[in-house]
Amino acid sequence: MSDIILREEFGDVAILHIASTSVDAISAAAIAAECQEMRPVTVLDFSEVSFINSAGISALLKFVVTARKSGFKLFAINVSPHHQKIFKMVEMVRFMPIIEADDLAAYR
Amino acid sequence: MERVELNIPSNPIFERVVRASAAEVGSAIGFSEERVEDLKLAISEAVNNAIDHGNRREAGKLVAVVFEIDGEKLEIRISDQGSGIERFDPSRRVVDEQSLESGHLRGFGMYLISELVDHLEVSTSHRGTVLTLRLYRREEP
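So the protein lines, in turn, are chains V and S. The working numbering puts the first residue of the first sequence at 1, with every later residue one more than the last. The working numbering puts the first residue of the second sequence at 1001, with every later residue one more than the last.
Bear in mind the hints are in silico, worked out from the structure with no lab data behind them. All C-beta atoms in this analysis are idealised placements derived from N, C-alpha and C, irrespective of residue type, glycine included. One should not assume that every hint holds.
[To be verified] For lysine to aspartate or glutamate, the following EDC-like pairs were computed, each having C-alpha atoms within a straight-line distance of at most 20 Å: (1) V:K85 with S:E1005; (2) V:K85 with S:E1101; (3) V:K88 with S:E1033; (4) V:K62 with V:E37; (5) V:K73 with S:E1097; (6) S:K1073 with S:E1005; (7) V:K73 with S:E1101; (8) V:K73 with V:E8; (9) S:K1073 with S:D1118; (10) S:K1073 with S:E1115; (11) S:K1073 with S:E1033; (12) V:K73 with S:D1096.
[As the list claims (entries may be wrong)] A few chain S residues facing chain V, derived, Cβ under 8 Å: (13) R1016; (14) E1037; (15) L1041; (16) S1044; (17) V1094; (18) F1108; (19) E1115.
Start from the sequences and build out the full structure, keeping to the hints where you can.
What follows is the structure, encoded as structure tokens:
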């Protein structure tokens, strides 16, 4: 586990709070490494993230690949309007839907 | 015309320096917050390309970034000291099942740049590659 991701788990759910403000070439490897520890429902929390570039998108896609191979569900929460735009441009939202944090209440 | 010039080593950590400078320049000339975010992402992609594909992270090779502000126009030139690129592909690149299955998880950079700036030019030769990005200040809807 790295300091870049703070984990919160309950039942089959893991919320991975990304603690780095930049999801970029520098932080990508440490973030992607966490895809080895996914749960049946995994949620990436972007509340602290102010910047994502294509190196970061590649790291996030490792979670998508792992989720698809394992039959897990993957969601994103607290995504800024700018990053929602970028995720739509590359069609990331097809594979990692953006949900409201309140939607997790049903799992708690 | 006002001009800001940076030269960074071919180490990805210094891309963050350029990005921070871009944010300051964009804000200084009155870009909206969303336009500044577009600018930061486009420059980040261009600088990372110069570091990785142009200079191949070779120590001693620099990436030069020049910001030129001319009224409503911001032009940025990103130059590397590599041996040129064979292929430049700004075509639409999205996540799809095929790329996920094959593990092809990269290659979004040029597409993002082309979508986020108003004008993009690429000039390449055996002496290096120069990307010229142009953005105009515009009213938000």
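To see whether the hints hold, each was checked on the structure:
Taking the CA atoms of V:K85 and S:E1005, the gap is near 30 Å; set against the 20 Å cutoff, the hint is violated. Simply put, V:K85 and S:E1101 have alpha-carbon atoms about 25 Å apart, too far for the 20 Å limit, and the pair is violated. Distance check on the hinted pair: V:K88 and S:E1033 sit about 19 Å apart at the alpha-carbon level, within 20 Å; holds. Straight-line distance between C-alpha atoms of V:K62 and V:E37 comes to about 12 Å, which keeps the hinted pair within the 20 Å bound.
For the hint pairing V:K73 with S:E1097, the CA-to-CA distance comes to about 16 Å; that is within 20 Å, so the pair holds. The hinted pair formed by S:K1073 and S:E1005 meets the criterion: a straight-line CA distance of about 16 Å does not exceed 20 Å. Annotation: proposed proximity of V:K73 to S:E1101 holds, straight-line Cα distance about 17 Å (limit 20 Å). Using a Cα cut-off of 20 Å, the hinted pair V:K73 and V:E8 holds, with the two alpha carbons roughly 16 Å apart.
A C-alpha spacing of about 10 Å is found between S:K1073 and S:D1118, which places the hinted pair at or below 20 Å, so the restraint holds. About 17 Å separates the Cα atoms of S:K1073 and S:E1115, which keeps this hinted pair within 20 Å; it holds. Between the alpha carbons of S:K1073 and S:E1033 the distance comes to roughly 16 Å, so the proposed pair stays at or under 20 Å and holds. For the hint linking V:K73 to S:D1096, the alpha-carbon distance of about 17 Å falls within 20 Å, and the restraint holds.
The criterion of a C-beta within 8 Å of any C-beta in chain V is met by S:R1016, whose closest approach is roughly 7 Å, and the hint holds. Because the beta carbon of S:E1037 sits about 4 Å from the nearest beta carbon in chain V, less than 8 Å, this interface hint is met. Hint status for S:L1041 relative to chain V: holds, with the closest Cβ pair at about 6 Å, below 8 Å. At a threshold of 8 Å, the smallest CB-CB gap from S:S1044 to chain V is about 5 Å, leaving the interface hint in force.
Given the 8 Å rule on beta carbons, the hint for S:V1094 holds: about 4 Å separates it from the nearest Cβ of chain V. Restraint check, S:F1108 versus chain V: the minimum CB separation of about 4 Å is within 8 Å; hint holds. Against a cut-off of 8 Å between C-beta atoms, the interface hint on S:E1115 holds, since the closest Cβ of chain V lies about 6 Å away.
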